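Enquirer: Quick mapping for you: the protein sequence lines, in order, are chains A and H. With numbering that gives the first Met the number 0 applied, the first sequence has no gaps in its numbers, which climb one by one up to 607 at the end. With numbering that gives the first Met the number 0 applied, the second sequence has no gaps in its numbers, which climb one by one up to 211 at the end.
FYI, nobody ran anything at the bench for these hints, they're computed from the structure. Take these hints with a grain of salt, some might be off.
According to the in silico footprint, chain A covers these stretches of chain H (three or more CB under 8 Å from chain A) [claimed, not checked]:
#1 12-26
#2 98-107
#3 112-122
#4 131-144
In this text the structure is predicted, and so the values were computed from the model without any measurement. The beta-carbon is built from N, C-alpha and C at its ideal position, and this holds for glycine as well.
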Amino acid sequence: MQIAASPHGVAADNAAPPASSDSTSRREILFWAVAGAGFVLAALAFVLPWFSAWGKPRITDMAVFPEVGLSYLVVGVIAWRRRHGNNLGLLMAAVGTAWLLYGIGSIVAPVPFAVASVSRFLYQAPLAHLALAFPSGRLRSRSERIVMTCVYVWVPLSALITWAFADPRAEGCRRCPRNILLIHWDPGLHHTVDLITNRLSTIVAATVLVFIARHWLAIRKTSRRTRRSLAPVSWVALPVVALIASQQAFIDSNLSGVPEILIWRAGPLLLAGLPIAFLIGLLRLRLDRSAIADLMLELEGSHSQGTLRQILARALHDPTLALAYWVPDRGYVDERGHRFILPTGGRSVTEIELGGQRIAAIVHDAALDEDPDLVRAAGAAVRLSLENERLQAEIRVQLEEVRASRARILEAGDAERQRVERNLHDGAQQRLLSLSLALRLALARAKGSPVPDPELAQTLERAAEDVRRAMSELRELARGVHPAVLTRAGLGPAVHSLVETAPVPVVLVALPTERLPEPVEAAAYFVVAEALANVGKYAAARRAEVDIHRVDGGLVVRVADDGVGGADPAAGTGLRGLEDRVAVLGGTMRVISPAGCGTTIVAEVPCG
Amino acid sequence: MILADDSALFREGMAHILTDAGVEVAGQARDAEDLLRLVRADPPDVVVVDIRMPPTGTDEGLAAARAITAERPEVGVLVLSTYLDTDFAFALASGDEGRKGYLLKDRVADGDELVEAIRRIAGGGLVIDPAVVSRLVERPRDRNPVDLLTDRESNVLSLMAEGRSNKAIGERLFLSERTVEAHVRSIFTKLGLEPAPDDHRRVLAVLAYLRT
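Chain H extracted, bound-state conformation (with noise of 0.2 Å):
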């Protein structure tokens, strides 16, 4: 993988992590035009990108990784960002195709979470920051159904959101892939939601649900 931010020293910390868990970082760059470069040249399974880099600051990092989408769909691409941005994960997630992830850079400190994203994503997978989700599920609501799930059920709920497969949600849960069929159907049900037909279209639908 590729890995992109402006500061040398989160660079550097953040490549000795991934290093130490056996995921190769093939290059660093320092900046938008730098990643492009590096993907045209030798393209990686993923690249890791800030939102903010130089020249403005503001969201540099997010055309990028637009560019590499449209360039080379094969690219997995992982938006870090300093701030909960819950309508950018939207956007994130509104494409057709998964390979695509936004974390909180907090995550990166706990390497676990980053080197499990980056592993999701290259096998094709959508990544939604858990904070995003959180915010999602708790913010008041006037009649909330989500009060009608089951702790279990709820647990269920924000791991799909996250973007994560059945059998991802089972392995964590310590439950098996059916049960977790189980669960997910009753959810849909009680939420009043259409059953999604794939992993992806899923997270769309429950995050559009808990948004409005």
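This is chain A alone, in the form it adopts within the complex (with noise of 0.2 Å):
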């Protein structure tokens, strides 16, 4: 993941380079000694045939050679000079100036014979390496890298161990300087080696040759954006690696007319190509600066299609674009109020800033780092929308907080009910229950008795009674705070029990024959003791009707009567606790009370 800083606020200059650091004024000596070496070289490619050794060069060398490597040069320049950073610069000057590097050997004198043998193929180091960069300029795997070490350790090696072997004016090359790279001369031996470096070439090459294909699937299924800008290299790059594939087939065969002049002559020119290719994805990415116009415009208007993030994805070519809002003490949530974790691998993340504040985040495909500044823009020119959008996430995610509070707090209501049930029975009932034992041998002790006392068998019967009472006030009282049959056998059985007890005759339209949720069974018996004991305090009804029947993912629970109707759900605690309860659990409920015309309570509760 890459948090791209943003430093000043954001990005109204978007122009501005990142802050300056020892590694990027290292990194700024490292492209200028490349590029200005490369440039050197390229003047003396056009100056140094025309007074070599070798005689007279040929019109199509001139015509091929020094525009190739100048060709890298310059789009490396403008790569590197666009977007300070982007290693895609650097490796293309790199590429010009290995290139380059080969005209030294028109110096016929044994050093620069020894260079120009050995940069011969350097180019395809660094050539390879743009390949596999592309377009984000970094190489993404450690398989990648170490593909990539191998291959800028092998070119340069290959050529000095041939090289060590290889004698040219022993094999006829009178022109030819001393070879000081020379070990050891013998024909045998020289071709023996050549055969074994030739073959691991190839299976160097090869193996680089997948990787690169393997990067260009992967990121061409990546976005449209990258797809775009990809197109021109790859018109290009096609016909490049089929000319280095047949230059490493006849490496060693001595060609002669059109093939030669197709190989080793004209051929080249293709390579000049591929930098032109790369120039025209990198300015097809730079177009996209004038969606940031369109993207104001779009918001300006206020016929803005779709939401925030659809703009922003339309304009950035990125449809899996995301947005995530930031929410202090709470990080990263996504519009809707839930958690966002950003992203760790793959995808790259851009902080929006507003006065130096932290508000957003889009998370992008990673294709457009080649171009963090844009998304900067982008996400400047939303900056307010964002804001505003960041401000409903914050307030979404402190409903839910409310929520979640007022759930806990029914539900510790609830237990406390339960564990308030359970004290009574274990309890206090308990105890009645015994001491109306005792009372009871008490009396058969005091009636049995050889001395009877009719006073204190009286006395006993009369606390008998009042225990009893107690017992059955007790277990009325229970039976409000927490219903033991609604634990024990749920919603159904619990209701009639309701219903036989109810102050005027109630008709079952419907009832739950299973168990349902313990927070929806106590919400639905709540509501119908709730407005039973009302039809018996206010309604002066003469019947009721409860019908509690299931529906598509809930319950509805439906109190009807007969009675005077005008009930006001503001007026009672009753009521508005059981509103309360009904809508913690994502219900809701309904008071339809006219005048006159009866009441009917319908409560909706989902059903988990």
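Relying on the hints, combine the two individually framed chains into one complex.
Expert: Encoded structure:
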């Protein structure tokens, strides 16, 4: 994951380089050293052949060789200036410089001859690196880095090994200078070493090509934007690969005529096309900047199409783009207020600030890292809209917290009711029962005594009656706190017992037979209990109706009476408490009570 | 008989009353597991079990009662409850067999009722707590055929719903069995019920009628 820091608010001047550091200034020096050397070599490549002891330069060589190197150097400089710190510019300059190094060979002397011999195919290493790192400028995996290291080591090493056992003068090149790299000359050995290094080179080349093909297939899939920028490169890359492959194949053959011109003389012109294709790709990315202006206009207009996310996704050509909003003490959340975990691989993140405060993050295709200023500019353009959505997300987070705390309070209340009921059952009720047994035994003893004491017996009898009444009252109290039958047998039997003790005749229209989640059963039960209690207290009704049935994903509880109506849910605490209870479960409750037309309470509770 | 309740004080008191009344208390259990062990070791005529026992205190007693009925159909089960639970009375009566009963714990203090219930269960009968029956009889109804009954017939209806045979009803009300039979026929006609083939099914029919 790359978190692009946004040092100055964001991107009003999107050409501003990132904060300068030692490493960026070192890279700056490295780039200009490589490019500068390349330009010197290019100048030499135009001049040296005319004075070379090899003889007059062929016009085809002069028309191709320096131009190929120059095209890489020029495009490298453009890419570098456009985007500091992006490796693509450096890699292109390196390809150009490595390519032009071969031109040193025009000076017929042992050292330049050795340099030219070793550097002939050196450009292939940064070229492969370029192909593997496009368009972000970075290698993505360890295996890619290992392969590239092998290439950088093998290309010069293979040349050194070959030239350590080659002597062009012994093979009949009279104008050739002495080979200072030669260790031992033996025609048989020379042939064998050549064969082995060529085979190894083929293996390395094939491996690199597989990696490049894999890399390109993978990034083509990532986004339309990447595909757009890759297209011109793809057109040129295939002929270039064919060219390098055929050069590798015919390296030892003495070609002449058209094949020779195609492969060794004119063919390399193709290599000059590659940086131009890269340049077109980079320019295409640049064209996207006009999309930011469109973005501003779209937001300006009240008829903007779709959500902020969709607008940004369109402007940045990344349909997978996601937005996360920063909520202090909470971290990132999505637009619905749910926790959002920033991705840790594959996707990139650009944070957007407003007045020095982090407000949001744009999660986007890693291909956009090639141009982080673009993402930041887009983010800056929609800053105020982002802040607006962020505030909404923050409010949703707070609402969710309130809802959760209300649910916790209700749950705690229910748990407490159950605990109280259980304590009553196991404590007071049990003691009263034991007391009534003791009284009963005492009464039996008093009655059976040889000396009867009618007064004592009467007192005991009264006490037993009081205990019985206390137990009965306690039973009703416990039932009101939390009915045991609800816990034991569920909603159906519990509502049955409410209906049996209702003050007016109640018609049971429907009852669920199955068990439901405990909070749902409790909510439905207390709705019916409160509604029927109200029927008895205020409604002056002749009859009532209870209907509890399942609907898709929920439970509908309806209690209706034919009483005087005019019930006001805001007036009493009973109905308000029920509304809260139902709302906590994400349900709704309506009280329909026109004066003179009875009362209907309808609660809808989602059912897990 | 064997009794099971998690309160030792209550168990002792109940055992005392039953022993006084001439019922042999063969064992006492403090939870369902204990009870099942005692029943398996030496099946009694009747067990008296509290509906709520450890560990959860919801319906362990009920589960134990079902287990005993399944294993030893010849053992009668009287379930005691602190609360009035008509649904439970129904569940109990809906079985095929008698030898079952449901009483409020309050009744225990009135020793005669408890002893009578145990004897009726031992004799193969069904016992439903009078409070369950009176709640069902007295509940408000739109058009109430129960109002058509004479006082005497109402008494007979309640005693019938509590699970008593014609003979027992007769003894209660100081009537001959014949007279009780005549009352029962009249009740069934007035309520529009089909005559039931036996006492057990008669209880079910009457309870079901009263509930709807």
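Enquirer: Now, for every hint given, state plainly whether the structure supports it.
Expert: Tested hints:
1. 12-26: holds (count 5)
2. 98-107: Held - the segment 98-107 of chain H has 3 residues with a Cβ nearer than 8 Å to chain A, which meets the minimum of three.
3. 112-122: violated (count 0)
4. 131-144: It holds, with 6 qualifying residues against the three required.
Hint violations for this structure: number 3 only, all remaining hints satisfied.
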